[in-house]
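Peer 1: Chain A is fixed; fit chains B, C and D onto it per the hints.
Protein chains: 4
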Amino acid sequence: MKDIQNQTDNRKVSINKVGVKDVKYPIIVLDKKNKAQHTIGTINMYVNLPHNFRGTHMSRFIEILNKYHNRLHIDTMSDILREMETRLTAEEAHMEMTFPYFIEKEAPVSHIKSLMEYECTYTGILKGAAEEYIIKVKVPVTSVCPCSKEISEYGAHNQRSHVTIEVKMKNFIWFEDLIEIAENAASSPVYAILKRVDEKFVTEKGYDNPMFVEDIVRNIAVEMNKLESIEWYHIESENFESIHNHSAYACIDSRDE
Amino acid sequence: MKDIQNQTDNRKVSINKVGVKDVKYPIIVLDKKNKAQHTIGTINMYVNLPHNFRGTHMSRFIEILNKYHNRLHIDTMSDILREMETRLTAEEAHMEMTFPYFIEKEAPVSHIKSLMEYECTYTGILKGAAEEYIIKVKVPVTSVCPCSKEISEYGAHNQRSHVTIEVKMKNFIWFEDLIEIAENAASSPVYAILKRVDEKFVTEKGYDNPMFVEDIVRNIAVEMNKLESIEWYHIESENFESIHNHSAYACIDSRDE
Amino acid sequence: MKDIQNQTDNRKVSINKVGVKDVKYPIIVLDKKNKAQHTIGTINMYVNLPHNFRGTHMSRFIEILNKYHNRLHIDTMSDILREMETRLTAEEAHMEMTFPYFIEKEAPVSHIKSLMEYECTYTGILKGAAEEYIIKVKVPVTSVCPCSKEISEYGAHNQRSHVTIEVKMKNFIWFEDLIEIAENAASSPVYAILKRVDEKFVTEKGYDNPMFVEDIVRNIAVEMNKLESIEWYHIESENFESIHNHSAYACIDSRDE
Amino acid sequence: MKDIQNQTDNRKVSINKVGVKDVKYPIIVLDKKNKAQHTIGTINMYVNLPHNFRGTHMSRFIEILNKYHNRLHIDTMSDILREMETRLTAEEAHMEMTFPYFIEKEAPVSHIKSLMEYECTYTGILKGAAEEYIIKVKVPVTSVCPCSKEISEYGAHNQRSHVTIEVKMKNFIWFEDLIEIAENAASSPVYAILKRVDEKFVTEKGYDNPMFVEDIVRNIAVEMNKLESIEWYHIESENFESIHNHSAYACIDSRDE
Chain A
1 MKDIQNQTDN RKVSINKVGV KDVKYPIIVL DKKNKAQHTI GTINMYVNLP
51 HNFRGTHMSR FIEILNKYHN RLHIDTMSDI LREMETRLTA EEAHMEMTFP
101 YFIEKEAPVS HIKSLMEYEC TYTGILKGAA EEYIIKVKVP VTSVCPCSKE
151 ISEYGAHNQR SHVTIEVKMK NFIWFEDLIE IAENAASSPV YAILKRVDEK
201 FVTEKGYDNP MFVEDIVRNI AVEMNKLESI EWYHIESENF ESIHNHSAYA
251 CIDSRDE
Chain B
258 MKDIQNQTDN RKVSINKVGV KDVKYPIIVL DKKNKAQHTI GTINMYVNLP
308 HNFRGTHMSR FIEILNKYHN RLHIDTMSDI LREMETRLTA EEAHMEMTFP
358 YFIEKEAPVS HIKSLMEYEC TYTGILKGAA EEYIIKVKVP VTSVCPCSKE
408 ISEYGAHNQR SHVTIEVKMK NFIWFEDLIE IAENAASSPV YAILKRVDEK
458 FVTEKGYDNP MFVEDIVRNI AVEMNKLESI EWYHIESENF ESIHNHSAYA
508 CIDSRDE
Chain C
515 MKDIQNQTDN RKVSINKVGV KDVKYPIIVL DKKNKAQHTI GTINMYVNLP
565 HNFRGTHMSR FIEILNKYHN RLHIDTMSDI LREMETRLTA EEAHMEMTFP
615 YFIEKEAPVS HIKSLMEYEC TYTGILKGAA EEYIIKVKVP VTSVCPCSKE
665 ISEYGAHNQR SHVTIEVKMK NFIWFEDLIE IAENAASSPV YAILKRVDEK
715 FVTEKGYDNP MFVEDIVRNI AVEMNKLESI EWYHIESENF ESIHNHSAYA
765 CIDSRDE
Chain D
772 MKDIQNQTDN RKVSINKVGV KDVKYPIIVL DKKNKAQHTI GTINMYVNLP
822 HNFRGTHMSR FIEILNKYHN RLHIDTMSDI LREMETRLTA EEAHMEMTFP
872 YFIEKEAPVS HIKSLMEYEC TYTGILKGAA EEYIIKVKVP VTSVCPCSKE
922 ISEYGAHNQR SHVTIEVKMK NFIWFEDLIE IAENAASSPV YAILKRVDEK
972 FVTEKGYDNP MFVEDIVRNI AVEMNKLESI EWYHIESENF ESIHNHSAYA
1022 CIDSRDE
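Chains as they are written, first to last, in my numbering: chain A, 1 to 257; chain B, 258 to 514; chain C, 515 to 771; chain D, 772 to 1028.
Errors might be hidden in some of the hints.
Unchecked claim - Just the calculated beta-carbon pair ranges, DEER-fashion:
| hint | chain 1 | residue 1 | chain 2 | residue 2 | range |
| --- | --- | --- | --- | --- | --- |
| 1 | C | 646 | D | 968 | 48 to 54 Å |
| 2 | B | 488 | C | 646 | 54 to 60 Å |
| 3 | A | 76 | C | 620 | 20 to 26 Å |
| 4 | B | 437 | A | 78 | 55 to 61 Å |
| 5 | C | 520 | A | 35 | 39 to 45 Å |
| 6 | C | 522 | B | 289 | 36 to 42 Å |
| 7 | A | 169 | D | 875 | 49 to 55 Å |
| 8 | A | 109 | C | 627 | 46 to 52 Å |
| 9 | B | 293 | D | 955 | 36 to 42 Å |
| 10 | B | 466 | C | 627 | 55 to 61 Å |
| 11 | A | 169 | B | 289 | 23 to 29 Å |
| 12 | A | 169 | C | 736 | 54 to 60 Å |
| 13 | D | 842 | B | 426 | 36 to 42 Å |
Everything labelled a hint here was simulated from the structure, so no lab data went into it.
These figures come from a predicted structure and were not determined experimentally.
All C-beta atoms, glycine included, are put in the ideal place defined by N, C-alpha and C.
Pulled out of the complex, with its shape left as it was, chain A reads as follows:
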């Protein structure tokens, strides 16, 4: 059979990323408390393609995933990137895994336990000898509006917000540590289960602790600035306003001047 992908290309255009996108695959990720957690990843794998080759070999990406079946976690990502580079004759390799990640959490008063789900992403990038690792967490929290509290006789509008923290790591960081920073920066964490004593607690805590979308991203930036294991960070908060049909949004990126 003729190998079309290996044909010479004359357009003189190199491709930054080419590969497979949205591959679903069972993966195992490191868990700070339980060592390992089984979850389901949505995976993108890309390499660069020099200008003189017509195509990459898509099936090899999936072959590499298969080879690492049951060992597909953060510890093996460097090996996977090296293997992508070698088998696809590339100088750059790029892998992203997004997955639901569960942490057991105690309700604040009853101490009843439940599982909270966070959407996490782990990205590895290989460029020649250099490797980069980027992690991202999306953390649901409660935000209580300081303005609404201040101007109203009673009550204050509040809502679920999604906080996103993305960091390029110099040293390893646990998802758990970023999640804790996000939850502490908001009016209150959210929980999968709250008994009535807990509901009273989080309602009053939120009201005592009102936060604008601007406050949430700033509180996180203050904590990020203390961490030495981070090269850059990107922080977002999106508040699904309970009094509007649109979101309030803020972001801070340490790479912007």
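Peer 2: For chains B, C and D alone, kept in the frame of chain A given last:
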């Protein structure tokens, strides 16, 4: 060219619905205040297919849409359904249009005006001589939790909720009327714009008017039961809980005994 | 603390379903080949609410999930439904779990193995003494257009299609069996990995085996009609047409006369 | 009423973007053929916030939208950005509008006309005296796999692909011109309506013109490199493979070395 679609089928299986799905098209809908409103529909058009025909003629659905270009609204749906029935040699025709619909709304104190968007659906079904028309609105509202208010010294968790009302009409009903019922059934409507005096008003109104997800659907059912122009109704509310990462949900369907 | 939920309600409106929606939770499901499979469920749990009670107790749904942690699978659903009925003083209980489900599949010529993901749903409904179980699978397949093949000198447009089969079971049915029926009904199954010999095989197989969206649902209906363990079925196919920007769609429902 | 937003902030963290997100609003956009087109925008509006202010004034963003009601199009974006800068006392203003955009298109043989929908985005950024304008189009096309065609006796797998072109403009560029480049770079454009003579034409044209995902982005890059009105471009293609359940993906970004 051979007409594959008109081949005889021997599987003896008739098809309930066959046609085109998720066609985007500019449409005009009736507007209670301004007579007509330009919007963008996502359109499904189906007919039944008797057991002895192999296929329907997909391009004719779009030809019918094209013919009614600029006249594609609720008033012409009956004509469109009849034309589907005739041109596709069917006994049943089914058309659904979902679209963003805008209503100008005044803030409660400042009376500043803004446009609120509601997702509306209009469905027409033709079965022989009979025609059925079903409308659906999705209305964002605020819900304040009565339990949280009762048990807490101050504050109460609240959130955006999506209320859905779907009705089979006996007589014509305006989207505006269903939207008003939904907004009155909740702790407060939501708005596209609120000045500080308005924010104070809706915060206090919501706190004075706490509603469980159960209360919202029941308040609507009470109003629906008074309407004579309705054959059946289906009511849902989904509250995007500000203290949890999941929703509270309730539904009432008048067809369930 | 005052129990607001237990207050008497005077609106005389009973609620069909009330509970929690979109709870993410790790679950274990039965696997025909490997006995058990770890995956992540998106779970809805509802009960009915008689007209005289104001509210249900949302936290108890999650407490029940927690109790069955690590035993949350199809075998325990009956126990869970009974526990919902008892703890929430309801006459009806309803649970839906949707999850990615993986099956190892061999490429047709190279026999290289890979994991294919299918979206599956398992629903249990308890009404007094009666229990109902409904399963649903969403199966991606290839469809090659018979008309395009017939009228063209060479080639034929083809695309990914999503086939959905939902059945009310009289007796237990494996997801695997429904998936096999769906894949056999289309022009070709899809695979996570195909080497060049396999790609040649599935290309030619698809071209030899063209199927309209109507053919796919009918082929499945013919197989469903043979099964004795099914009370009713609903079959859909949506073809993401490669020559259009909308879908071709067909459905057959055995409950429609 | 106390103005909480104007309070002094001591965290010494400036915010890159803060504002409103996902506001739905009717807009009018420039249309190359018909001068103007009514559509529905999803709008984000952000400003920067210096470190010493606690909060921005969210309602003013919507007031600005209201003021430009019926004049909310590309021509007025510069005025809107200046007004955001002034009214929110900011040095930077950022506005993004994403909307469905319709173009009348003729089928290749029958010349029957229909409306094709494209998702377009228009972004304006103001930084002091400088203004930047970025446009983005998402174009559905057909891709036929060259490898599948080469190795198979007959047939070739093909599928719908989404091509995205994003450019920073030096001079004004029509969405129509980018869409044409995208459609010419693929195996075939897609259409809202095709009669049988057209279906034969596009099937054969696609087969005569097979394109890898790599070919599509390269063909576009070659055209982009000729345009003088562009400062940078980002090109993506995602092919929803008809033989797999994942996508093939490629991107080229002129800013990467």
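Peer 1: With reference to the structure, classify each hint as holding or not holding.
Peer 2: Hints versus structure:
1. Between residue 646/C and residue 968/D the CB atoms are about 50 Å apart, so this pair conforms to the stated range of 48 to 54 Å.
2. A beta carbon spacing of about 27 Å between residue 488/B and residue 646/C contradicts the range 54 to 60 Å that was offered as a hint.
3. Taken as a hint, the range 20 to 26 Å holds for the pair residue 76/A and residue 620/C, whose Cβ atoms sit roughly 25 Å apart.
4. About 60 Å separates the C-beta atoms of residue 437/B and residue 78/A, a value consistent with the hinted range of 55 to 61 Å.
5. Distance hint for residue 520/C and residue 35/A: a CB-CB separation of about 44 Å, consistent with the stated range 39 to 45 Å.
6. The hint said 36 to 42 Å for the Cβ distance between residue 522/C and residue 289/B, and at roughly 38 Å that hint holds.
7. A beta carbon spacing of about 51 Å between residue 169/A and residue 875/D agrees with the range 49 to 55 Å that was offered as a hint.
8. Taking the beta carbon of each, residue 109/A and residue 627/C are about 50 Å apart, inside 46 to 52 Å as hinted.
9. Distance hint check: the CB atoms of residue 293/B and residue 955/D are about 38 Å apart, consistent with the given range 36 to 42 Å.
10. Between residue 466/B and residue 627/C the beta carbons are some 59 Å apart, a value that agrees with the proposed interval 55 to 61 Å.
11. With their beta carbons about 56 Å apart, residue 169/A and residue 289/B fall outside the hinted range of 23 to 29 Å.
12. Look at residue 169/A against residue 736/C: about 56 Å separates their beta carbons, and that is inside 54 to 60 Å.
13. At roughly 37 Å, the beta carbons of residue 842/D and residue 426/B sit within the given window of 36 to 42 Å.
The structure fails to meet hints 2, 11 from the earlier list, while all remaining hints are met.
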